[in-house]
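*Asks:* So you can see what is in the structure, the chains are spelled out below.
Protein chains: 2
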Amino acid sequence: MNTNPLSQKAQQTLEYLQKLVTTLPLFQRLTDDMTAIQEKADHFRQFQDVLILGTGGSSLGGQAITALQESASPKLHFLDNIDAHTFADVLKTVSPHKTGVIAISKSGNTAETLMQLLTCLKVWDETPLAHHFLIVSEPGQNAIREVASKFSLPTLDHPDDIGGRFSAFTVVGMLPAFIAGIDGQSLRQGALDVLANLKEATVHDSPALVGALTQFSLCQQHVNQSVLFTYCDRLQLLASWYCQLWAESVGKKNAIGLAQGTTPIRAAGATDQHSQLQLYLDGPRDKFFTVLTLAQQHSLDSAQADFFDHPALTTLHNKTMGQLMIAEQMATIDTLKANNCPVRELKLEQLTPRSLGSLMMHFILETLAMAHLLEVNPFDQPAVEQGKKLALDYLSRAGGCAKHGAEVLIEE
Amino acid sequence: MNTNPLSQKAQQTLEYLQKLVTTLPLFQRLTDDMTAIQEKADHFRQFQDVLILGTGGSSLGGQAITALQESASPKLHFLDNIDAHTFADVLKTVSPHKTGVIAISKSGNTAETLMQLLTCLKVWDETPLAHHFLIVSEPGQNAIREVASKFSLPTLDHPDDIGGRFSAFTVVGMLPAFIAGIDGQSLRQGALDVLANLKEATVHDSPALVGALTQFSLCQQHVNQSVLFTYCDRLQLLASWYCQLWAESVGKKNAIGLAQGTTPIRAAGATDQHSQLQLYLDGPRDKFFTVLTLAQQHSLDSAQADFFDHPALTTLHNKTMGQLMIAEQMATIDTLKANNCPVRELKLEQLTPRSLGSLMMHFILETLAMAHLLEVNPFDQPAVEQGKKLALDYLSRAGGCAKHGAEVLIEE
Numbered sequence: 001m002n003t004n005p006l007s008q009k010a011q012q013t014l015e016y017l018q019k020l021v022t023t024l025p026l027f028q029r030l031t032d033d034m035t036a037i038q039e040k041a042d043h044f045r046q047f048q049d050v051l052i053l054g055t056g057g058s059s060l061g062g063q064a065i066t067a068l069q070e071s072a073s074p075k076l077h078f079l080d081n082i083d084a085h086t087f088a089d090v091l092k093t094v095s096p097h098k099t100g101v102i103a104i105s106k107s108g109n110t111a112e113t114l115m116q117l118l119t120c121l122k123v124w125d126e127t128p129l130a131h132h133f134l135i136v137s138e139p140g141q142n143a144i145r146e147v148a149s150k151f152s153l154p155t156l157d158h159p160d161d162i163g164g165r166f167s168a169f170t171v172v173g174m175l176p177a178f179i180a181g182i183d184g185q186s187l188r189q190g191a192l193d194v195l196a197n198l199k200e201a202t203v204h205d206s207p208a209l210v211g212a213l214t215q216f217s218l219c220q221q222h223v224n225q226s227v228l229f230t231y232c233d234r235l236q237l238l239a240s241w242y243c244q245l246w247a248e249s250v251g252k253k254n255a256i257g258l259a260q261g262t263t264p265i266r267a268a269g270a271t272d273q274h275s276q277l278q279l280y281l282d283g284p285r286d287k288f289f290t291v292l293t294l295a296q297q298h299s300l301d302s303a304q305a306d307f308f309d310h311p312a313l314t315t316l317h318n319k320t321m322g323q324l325m326i327a328e329q330m331a332t333i334d335t336l337k338a339n340n341c342p343v344r345e346l347k348l349e350q351l352t353p354r355s356l357g358s359l360m361m362h363f364i365l366e367t368l369a370m371a372h373l374l375e376v377n378p379f380d381q382p383a384v385e386q387g388k389k390l391a392l393d394y395l396s397r398a399g400g401c402a403k404h405g406a407e408v409l410i411e412e
Numbered sequence: 001m002n003t004n005p006l007s008q009k010a011q012q013t014l015e016y017l018q019k020l021v022t023t024l025p026l027f028q029r030l031t032d033d034m035t036a037i038q039e040k041a042d043h044f045r046q047f048q049d050v051l052i053l054g055t056g057g058s059s060l061g062g063q064a065i066t067a068l069q070e071s072a073s074p075k076l077h078f079l080d081n082i083d084a085h086t087f088a089d090v091l092k093t094v095s096p097h098k099t100g101v102i103a104i105s106k107s108g109n110t111a112e113t114l115m116q117l118l119t120c121l122k123v124w125d126e127t128p129l130a131h132h133f134l135i136v137s138e139p140g141q142n143a144i145r146e147v148a149s150k151f152s153l154p155t156l157d158h159p160d161d162i163g164g165r166f167s168a169f170t171v172v173g174m175l176p177a178f179i180a181g182i183d184g185q186s187l188r189q190g191a192l193d194v195l196a197n198l199k200e201a202t203v204h205d206s207p208a209l210v211g212a213l214t215q216f217s218l219c220q221q222h223v224n225q226s227v228l229f230t231y232c233d234r235l236q237l238l239a240s241w242y243c244q245l246w247a248e249s250v251g252k253k254n255a256i257g258l259a260q261g262t263t264p265i266r267a268a269g270a271t272d273q274h275s276q277l278q279l280y281l282d283g284p285r286d287k288f289f290t291v292l293t294l295a296q297q298h299s300l301d302s303a304q305a306d307f308f309d310h311p312a313l314t315t316l317h318n319k320t321m322g323q324l325m326i327a328e329q330m331a332t333i334d335t336l337k338a339n340n341c342p343v344r345e346l347k348l349e350q351l352t353p354r355s356l357g358s359l360m361m362h363f364i365l366e367t368l369a370m371a372h373l374l375e376v377n378p379f380d381q382p383a384v385e386q387g388k389k390l391a392l393d394y395l396s397r398a399g400g401c402a403k404h405g406a407e408v409l410i411e412e
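Chains A and B, in that order, are what the protein sequence lines are.
Going by UniProt numbering, 328 is the number at position 328 of the first sequence; the sequence numbering is gapless.
Going by UniProt numbering, 226 is the number at position 226 of the second sequence; the sequence numbering is gapless.
This is chain A alone, in the form it adopts within the complex (with noise of 0.2 Å):
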């Protein structure tokens, strides 16, 4: 018997991370129908533009799904803030009735959606707003089922029992991916495949488990900092999602009131080679890295530079773009580990619907993980809620926000 503590520990871990795939929903129900889905995202594909209202939980998920549309159109926006220079922006571009508008939100009851919603309403105001719109949200009585019911607006339901940032392989990332044209069956298929080895892990090859005991390990020797390295494009809006995933489920107090948790930040390669690297390299030793690569990059022609002398040019001669992206991801990992720092490579063959689904149900996993290792519940977020009110409250009392001299200006 191992009496060693953070063996223990990881024992246990694997243990509560193997006993979750038979009892949590959000595991369960990979297997739901989704004909209904399909269904809404048909009537969706035939618009020209689709603009999705929801913030944290209800468009992460969706946005980095749909960051592998090959398709111009429909052109997806997903509008998750409530900057109304930037919606005036997008309203601008778009004609109502070439448009849908998909509004999502758990509770029904968050306030930006709502006012991005009762915007847009106003804005519809003369296209057959239930062939236009369609409202997401749990069932029962809250705000955004109200405005649906008042405009007979069509509905889905968001599963009531997993929470918006593990809720990527439900409705909330499903409906844009199949609006994209995305194989969303693939990409559950991928969560799958991980849930499967999963079964089988010993603590040893359970790469989620060795993740989060790696960065459980450094945080107790004060490396507070994670950061996701993506030397693809595509993969900018997952580390976002994942961004919001960690922070919120691992970002808290313990049972004794002990403050958790670390901070995840995105670095995009190559292009934060050139903006962060210098201070990850040789400033404080207080981060993790994981680098997120792939093999197989898009061939753009090779250049063509035998014909000058500087080596800078000669160098690129008959070699693509992708082989030089390919040389960075590389140089970085090599570089990070000569300077002695902690780093790990996820390495993707290709980057498909079915990988995407298998690198999303990994963190996923690594943070559940993690959770239990740091002693909190992955599930809550109980520091928000004081915000939220506080927000209510002076929105109250506008018109004469005078505490801090805000006012609205209107712009023409």
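I should point out that these hints are in silico values taken from the structure, not numbers from a laboratory.
There could be a bad hint or two in this list.
Given that identical chains are not distinguished, each listed pair holds provided it fits within a single copy or across any two copies.
As a list, the in silico PhoX-like pairs of lysine-lysine whose alpha-carbon atoms are at most 20 Å apart [what the hints assert, rightly or not]: (1) Lys199 to Lys75; (2) Lys75 to Lys92; (3) Lys199 to Lys19; (4) Lys122 to Lys337; (5) Lys389 to Lys337; (6) Lys19 to Lys9; (7) Lys150 to Lys19.
Because the structure is a prediction, the values reported are computed rather than measured.
Given the coordinates of chain A, work out where chain B should sit on it, guided by the hints.
*Replies:* Frame of chain A, contents of chain B only:
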């Protein structure tokens, strides 16, 4: 005479900044003539699309500034990466005959930018190249000048005494600004306003010095992250520019080899309230917060919600999206304060070229002050050369990248 060590440091740092104002080329060149840049910009304004090739300091300043563009044309595409998939997608959407290409590299030897440029030259080979292309780099012998010479492309000089991340007020930022129709003189005036204030400032009323001192004190108490929370979508690219400025200037070893610096982190308000705020409020006390707010918000029509019963809707009645954004930014500041998180507000009354210029110069001064306090050289980036060399080594051997099993796939 004040013998408190921090007060002494503060006084020395203020004197350092005030001396820089009269000696640093970055500041002296704020009144340089821009006629040549304006002329080239006028030429590029005739195009429908303009591609701006370059990365890091050759791109982020222009991106931050042109986020203020009001007109839809010309459409600027900042290509700051070498993801061939993205690159091919952009090439698909533009017509070479209606598109200009500007390549910016201070050193003239940046592999990524050279690869982008060689790729574009092949695609544009049936257009008059000198009409469509422009090269911006230091004068002298370098690779990109060799390309310019070979193809007879026009050039503009990048000042050789201003480093990339400090170059936003030079041709690097001004050329894209003028192409986008933004008043570059106002932007520079905003920077000059801040320098004028600095000349008169004491240690108590210099915002840049106070900001740096606060962060210097906090980082000695293990606060090793600096979150910039922007409540305005058009300031998100400014945040990316700031992250490079801060990370590359302060993230390095001091004279006795101790690693210095804090990690800059971008957060988008209100969106990241639904993604990162749980961690910020309830996680470890390792962050300093700068909340960048906008007092005057663009006004879309107010919401009509008097016919609803649910309080989440009735609260929105007669309120605008801008008012909700203002309430959110106030609530975030007050919630961070209530949770004893170190937070400051930088408030813009309006977002104009002049206020943006002031803000950028504030961040430059604060960064220089922080570097002085940490006793590091703000102008170098010694750690990244190793990786650059390694990337070119790997590229030379590409075709046989056997070590990492990498290969290039031709996607059609």
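*Asks:* If a hint holds in the structure, say so; if it doesn't, say that too.
*Replies:* Verification of the supplied hints:
Taking identical chains as interchangeable, the C-alpha atoms of Lys199 and Lys75 are never at most 20 Å apart, the minima being 39 Å within one chain and 51 Å between chains. Taking the closest pair of Cα atoms, Lys75 and Lys92 come within 20 Å of each other both inside a single copy (14 Å) and across two copies (16 Å). Only within a single protomer do Lys199 and Lys19 lie at most 20 Å apart by alpha-carbon distance; the minimum there is 9 Å, versus 66 Å between protomers. For a Cα distance limit of 20 Å, the shortest separation of Lys122 from Lys337 qualifies neither inside one copy, at 56 Å, nor across copies, at 37 Å.
Proximity of Lys389 to Lys337 under the C-alpha cut-off of 20 Å is restricted to the inter-copy arrangement: shortest distance 15 Å between copies versus 46 Å within a copy. Taking identical chains as interchangeable, the C-alpha atoms of Lys19 and Lys9 lie at most 20 Å apart only when both belong to the same chain, with a minimum of 15 Å there against 57 Å between chains. Proximity of Lys150 to Lys19 under the C-alpha cut-off of 20 Å is found in neither arrangement, the shortest distances being 43 Å within a copy and 66 Å between copies.
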